[in-house]
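Asks: Chain order of the listed sequences is X and B.
Quick note: the first sequence uses my numbering, first residue 1086, plus one each step.
Quick note: the second sequence uses my numbering, first residue 9, plus one each step.
Please keep in mind that the hints were generated in silico from the structure rather than gathered at the bench.
Since this is a predicted model, take the numbers as computed values, not measurements.
Treat the hints with care, as some may be off.
[Stated by the list, open to error] Output of the computed footprint for chain X on chain B, the stretches with three or more beta carbons under 8 Å from beta carbons of chain X:
hint, stretch
1, 68-77
2, 290-302
[Claimed, not checked] Not everything, but these chain X residues come out facing chain B in the computed CB check (under 7 Å):
hint, residue
3, Leu1101
4, Met1105
5, Asn1111
6, Phe1115
7, Ala1116
8, Ala1118
9, Thr1130
10, Pro1212
11, Ala1231
12, Ala1233
Ideal placement from N, C-alpha and C gives every residue a C-beta, glycine not left out.
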Amino acid sequence: MLKSLQINPDKCTGCLQCEMACAYENYGVFATAKSRIKVFDFHHTGRKVPYTCTQCDEAWCLHACPVEAITLDKATGAKVVSESTCVGCKVCTIACPFGTINYVADTGKVQKCDLCGGQPACAEACPTQAITYVDANWTGLDRMRAWAEKTGNQTATA
Amino acid sequence: MAWARKILRVNLTKGTVASEPLRMDWAAQYLGSRGLASKYLAEEIDPKVDPLSSENKIIWATGPLTGTVASTGGRYVVVTKGPLTGAIACSNSGGYWGAELKMAGWDMVIFEGKSPKPVYLVIEDEKAELRDAAHLWGKTVWETEAAIKTSHQDPLVRISSIGGAGENQVLFAAVVNDLHRAAGRSGVGAVMGSKNLKAIAVRGTKGVGNLHNPKEFMRVTTEKKKILAENAVTGQGLPTYGTQVLMNVINEMGSLPTRNHRDVAFEGARDISAEAMAEPRKTDGKPHLVTNQACFGCTIACGRISKIDETHFTVQNRPQYWGASGGMEYEAAWALGAANGVRDLEALQFANLICNEHGMDPISFGATIGAVMELYDMGVLTKEQLGIDAKFGSAEALCHFAEITAKGEGFGKEIGLGSKRLCAKYGHPELSMSVKGQEFPAYDSRGIQGMGLAYATSNRGACHLRGYTVASEVLGIPVKTDPLSADGKPELVMAFQDATASFDSAGLCIFTSFAWSLADIQPQISAACGDEFTMDNLNAIGERIWNMERDFNNRAGFTSKDDTLPPRLLKEAAKEGPAKGLVNKLPEMLPKYYEIRGWDADGKLKADTRKRLGL
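Just chain X, with the same shape it has in the complex (with noise of 0.2 Å):
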């Protein structure tokens, strides 16, 4: 079964124990500056947004590579960078619609996220299920539950 990392922002603290999870997952620091999962402080409502690559199907970072450094993970639907082959000419960051390929001075390659190869880091070490990785099939199946209750239960009290 294909998965999907589901975000839902409400249940967010802002403690970024999922960038500190990713970043110790590819780099074995603790350091958000590298982390591939990005938490947003919209400090004027009180939102905190946690935001990472999407997997698109048609990836526009993917089908942009001169290289063919990114591809497709059919294992988990991830659309992988091959730092090996990575030229580092940042092609993929313009064509990215979302901002979650970036690059790293550090090693001159671009990075995204890959799913952590089926164990997404950030997801496991998320206190507060802001982030899960669920069928990728049904990542409404949380809303249309929701949805559900409220409705059956207007319903029971009428």
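Here the structure of chain X is known, so what remains is to put chain B in place on it, guided by the hints.
Replies: Just chain B, lined up with the frame of chain X:
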């Protein structure tokens, strides 16, 4: 090893910055953060220096677990000789700044001297430089953060700064980071201001690594996070209600100091409680509370983010206050509310916003207003002097005072001296509800006896964060003790004080101690720092830190006479509630406390105590 093993030393007089290795021999004895920075301060300054002179130093410090995946591992401290107290000051803050400093590769930054003109320090990993802050001087904390992020074209930079209160050397000025997290107490912001230092802006991209046993660290931090999640206080109470969960609890115990400690219960407590923050308002149908928020790495998330009522008299036509922002937590809600008899939640939040915006400790500010209102009630202070009718309960007066104190206008200059100096000036030193010049937090020690001893002996003046026996006396953590009895309290206070020193020095938040004991942080520290950090060692470190701080204060001129409480708490009995008829039994507790501490009758360390602790 978890430490970055590197210190940044900034000489503000000369305008120089230099890197030096961390004293690892001291790190082994004092761990980090509070303990280690206090050791540096005690070694480097004469304890008798004027806190606001160039001879004082001020240190921003992280702990070995700051910037790691350990829950709440985002704390930093500001350590200096405090101008409010004249004692050693160590104010602790969360948010994201501390972790950013550590991720830039620094354990601490030591500032010495005084800059001839306003400057701010910029740290980008190993690079550090002082820059001109003429354009920032006079700006609020909020404006300063925005201005630096804009001029650096870097929204990810983290900033620790002062507002007008620090610049004007309000004696309870705070250092604020991430808009509304504060190293709040003892006037550390005034020291920053006295040095013409406006802000420290940090970007850290290197990260924290180099752990002693990374695999074990990941395992044990995950295991300990589960304990926090499953605990009723850290897993439910704090995330849902914040520290404000205490307002009704403490009030019902008859231990909510009210109207400058004249009363021990507040008829308006419910109106300013966590429950009130969550209810829809009559005016706009929205609750005050918007959401909870975590600091860096914290899996508790007790922080409160609220929106003030836009129609409230304080913020009409002032949209800069309408957005979601930090507040209120319990101590602030108490100090701005019950301590003055004010029950208008929106007014308290406004005063709280002013404290954050301009960098001021809401506890000392609010408690000082309590004293002002009592002096007004007695006719010692008049409406002509104050510029407003300052009767107990006046939300207008509270909010007016907040603005003039932060801006150093009119009578605000006198409020900015704190209650001890203000009450002495007007002939009533007994009305300052403080110890060593620092105002009490939100627990009346007539109804929670251990807190009286904790306040009287706290190394930074009256404080709830140096030995929070409320946990035991009220909440039963780790064991329930009778809040009305003095029995066993010297031992309890000492145990809390020493354990807290270890928690603080690790770089963790003391709120974890509702669920964790020292035995829970020990394996996290040893996995990060080394196997030598055993329980015995951590117990010794805590006790060593406490005694080292005490020794600094003794050398600064403090004696056993300063380990006391205002006469109101020792002579005027609580008027109602479970503690009715009781005063604090400090005279019963203090001699025993000195004895178990290994101090002489003057409160000085005995020779064998020094020897035992390696001091």
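Asks: Which hint numbers does the structure go against, in order from smallest to largest?
Replies: 5, 11 and 12
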